[in-house]
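Engineer: Each chain is listed here by its residues.
Number of protein chains: 2
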Amino acid sequence: MTPISRRSLLKSAGVGAAGITLGAGGYLVGQESAEASSGDGTGSVPFYGEHQAGIDTPAQDRLFFASFDLLTENRAELRELLREWTRAAAEMTAGEMVGDVNEMQLAPPDDTGETVGHLPSNLTVTFGFGPGLFEKRGLGLAGKRPAALREIPPLPADELNPGESGGDVCVQACSDDPQVAFHAIRNLARIGRGTVAMRWSQLGFGRTASTTRAQDTPRNLMGFKDGTVNIKAEDTDAMDRFVWVGGEGPAWMRGGTYVVTRRIRMLLEIWDRSSLEDQELTIGRAKYSGAPLGGHDEFEPLPLDEKQASGLPKIPVDAHVRLASAAANDGERILRRGYSFTDGVDESLGELEAGLFFIAFQRDPEKQFVAIQRRLGSSDKLNEYIKHVGSAVFAVPPGTRKGGYVGETLLG
Amino acid sequence: MTPISRRSLLKSAGVGAAGITLGAGGYLVGQESAEASSGDGTGSVPFYGEHQAGIDTPAQDRLFFASFDLLTENRAELRELLREWTRAAAEMTAGEMVGDVNEMQLAPPDDTGETVGHLPSNLTVTFGFGPGLFEKRGLGLAGKRPAALREIPPLPADELNPGESGGDVCVQACSDDPQVAFHAIRNLARIGRGTVAMRWSQLGFGRTASTTRAQDTPRNLMGFKDGTVNIKAEDTDAMDRFVWVGGEGPAWMRGGTYVVTRRIRMLLEIWDRSSLEDQELTIGRAKYSGAPLGGHDEFEPLPLDEKQASGLPKIPVDAHVRLASAAANDGERILRRGYSFTDGVDESLGELEAGLFFIAFQRDPEKQFVAIQRRLGSSDKLNEYIKHVGSAVFAVPPGTRKGGYVGETLLG
Chain A
1 MTPISRRSLL KSAGVGAAGI TLGAGGYLVG QESAEASSGD GTGSVPFYGE HQAGIDTPAQ
61 DRLFFASFDL LTENRAELRE LLREWTRAAA EMTAGEMVGD VNEMQLAPPD DTGETVGHLP
121 SNLTVTFGFG PGLFEKRGLG LAGKRPAALR EIPPLPADEL NPGESGGDVC VQACSDDPQV
181 AFHAIRNLAR IGRGTVAMRW SQLGFGRTAS TTRAQDTPRN LMGFKDGTVN IKAEDTDAMD
241 RFVWVGGEGP AWMRGGTYVV TRRIRMLLEI WDRSSLEDQE LTIGRAKYSG APLGGHDEFE
301 PLPLDEKQAS GLPKIPVDAH VRLASAAAND GERILRRGYS FTDGVDESLG ELEAGLFFIA
361 FQRDPEKQFV AIQRRLGSSD KLNEYIKHVG SAVFAVPPGT RKGGYVGETL LG
Chain B
413 MTPISRRSLL KSAGVGAAGI TLGAGGYLVG QESAEASSGD GTGSVPFYGE HQAGIDTPAQ
473 DRLFFASFDL LTENRAELRE LLREWTRAAA EMTAGEMVGD VNEMQLAPPD DTGETVGHLP
533 SNLTVTFGFG PGLFEKRGLG LAGKRPAALR EIPPLPADEL NPGESGGDVC VQACSDDPQV
593 AFHAIRNLAR IGRGTVAMRW SQLGFGRTAS TTRAQDTPRN LMGFKDGTVN IKAEDTDAMD
653 RFVWVGGEGP AWMRGGTYVV TRRIRMLLEI WDRSSLEDQE LTIGRAKYSG APLGGHDEFE
713 PLPLDEKQAS GLPKIPVDAH VRLASAAAND GERILRRGYS FTDGVDESLG ELEAGLFFIA
773 FQRDPEKQFV AIQRRLGSSD KLNEYIKHVG SAVFAVPPGT RKGGYVGETL LG
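For the record, the sequence lines run as chains A and B.
Letter by letter, the first sequence follows residues 1 to 412 in the numbering used here.
Letter by letter, the second sequence follows residues 413 to 824 in the numbering used here.
A few chain A residues that don't get close to chain B, going by computed Cβ distances all over 10 Å:
id : residue
1  : 43
2  : 142
3  : 147
4  : 311
5  : 327
6  : 330
7  : 366
8  : 374
9  : 412
Using C-beta positions, here's what the derived DEER-type ranges look like:
id : chain 1 : residue 1 : chain 2 : residue 2 : range
10 : A       : 143       : B       : 452       : 49 to 59 Å
11 : B       : 452       : A       : 326       : 29 to 39 Å
12 : B       : 486       : A       : 326       : 47 to 57 Å
Treat the hints as calculated values from the structure; they're not laboratory data.
Bear in mind the structure is a predicted one, so any value in this text is a computation, not a measurement.
For each residue, glycine too, the CB sits at the ideal point set by N, CA and C.
Bound-form chain A, shown alone (with noise of 0.2 Å):
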């Protein structure tokens, strides 16, 4: 099979070339042109690798996320579907049509087609399992349940809804180009019909986090910069101690990673009508510069331990760089990824409904995110502005080489 590449399926030779049947009207050939495309999107990201990609990879500015609920307890079912899913995301990676486009008239499309024309857009697919997977006992993968993935325990100040959390299995598809994010979801799981079902998606806006240095930081909807002290993929050292799962096992997740996802809601309603110095004493930065309160750069170290004049601390105790910090945290970080959403209007409230979508991967959930937000939500100054609204926790394991797939190492 040839594989077609979405802009060449515009092309007369290529679309000679995979044999692609006629349309209806007995031309399926357009001028090549170049459609609507997001910025540049000719950048792509190799989607083999020790890792999977859309970890340790530049994050994109666009985030679709899915979580899906598993609706077989066979295995081979299971495994089948993890082989088509990661045919589908390599191909859709390289800025491939889906399947074979070569066939029928009379059948559906293996592509969905709304990203023909559009370039890659450095698009990344990423695969987790949640806990729930290992309890299913046809799966018979009980034994095989990482020590290191256990639902988030209630922590303070949360108020989930359960319809926004959790999930078996999650996708999680990073562009620069929202249309080729949604299309990797959507067309993921019009594959998995039957095999799962979706159980909460989010779309992301605006990424509130880099992942190497070469990218500014990013603002959130607070307006701060977030993300300043995130690790960075360039730090191998940091990714291999907080990151990436090594000998601790199990075998099948070295390689891989836990991801934590937190749907935040930001009551921006009451943020914006705090003042600014209300607004950094609550964050411990200044808003614009990102420089810590009390410093000049937005890359110098917290001074955590100096005073003011006044002989107050110059990061306030209950301020939330403080406290997220990895001194306050028994030198714990985590890789965050996530993005700013908004779902429209609270009724009930009457207020524009909108926030982060936390994303951070970590060794170990129950050390890093767990702990960290324990301490946060108890006495973060910023709990007074937000409140979580969704979590849930995945394991991702390595990533594969051509003609292997995500999950092998699990599922055999």
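Put chain B on the given structure of chain A with help from the hints.
Structural biologist: Chain B in isolation, oriented as in the chain A frame:
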């Protein structure tokens, strides 16, 4: 007052000149940086002009749209709101901070800040007035209501949700950067607090129409090119005939237009199970090339009167493009500017909730959108795959010049 560009705010010179107070940390100034930008973003669209921007200006890639209920019946308050909205919209369109920025540390910032460092990204902000505005007795506008501005009547196949329909005032924000579009609506909602309450809003992640000839035709979520025969801004005869209000009055609407929005849910799971032939016969075009069935090129005229060898028409009698064509609608046309949306999972169906947020500008909704939609709603084969769940109509007044405000022709 010196306007503060969102980029120059990050430079010390710009900050000093603006007289901005220091952050709580004593230092506001960070290094000039590219920050998170979407695509190039350097483009900007003039805010002032004969017509409001965002109608015949090139359709941007992303949308945030909001509809508001007016909470006051005091005409002076409405006038003041529109003055403030106009000033803020002009600032944001130019890539400037909303308001003065040189305020006290103890006051909330005028601008919410999430686009600091973001370029103008071709933002346009377009305002409209719903029929309800003219019914508020205290405003005294009943006599100024245009005959053409009437609630959209019930139409065949409507399944409208009142919570996603109607409204007294609308704001359409389009940009190539979704964070810039979100920021515009959020800041206008904030300025209007107490005078208006947001009724519904809609994020659109991908444009589904072109409004100028230089733009390629985008694809909707059915995978088809959408809006091939849309009115293009360069066709000023068509703009004058079908879009801009002329001598038919009222005088305050001359140079304005009327916008109809429809939230159209696509039943994508059903669509995706349909054969390529069914899909193409439903639309009346070839899926990949966009050419009319029986034709070769996307932009060739629809062969509405031609027949196949079998004697059947090349374009089926119930095909969407036939029923929506000017030929089938007494020559009437509309200017489309819609966007694809997704709002997550419809829990009742377990399906991805997604579709088209349809936006159309026209001179007379009853003769144009309503007449066309009556025909489509009763016969269009596409009805098997869509449902209209939201609906609204607004009078879009003409543009203004510097020192004026949008709506001044109505409110004086």
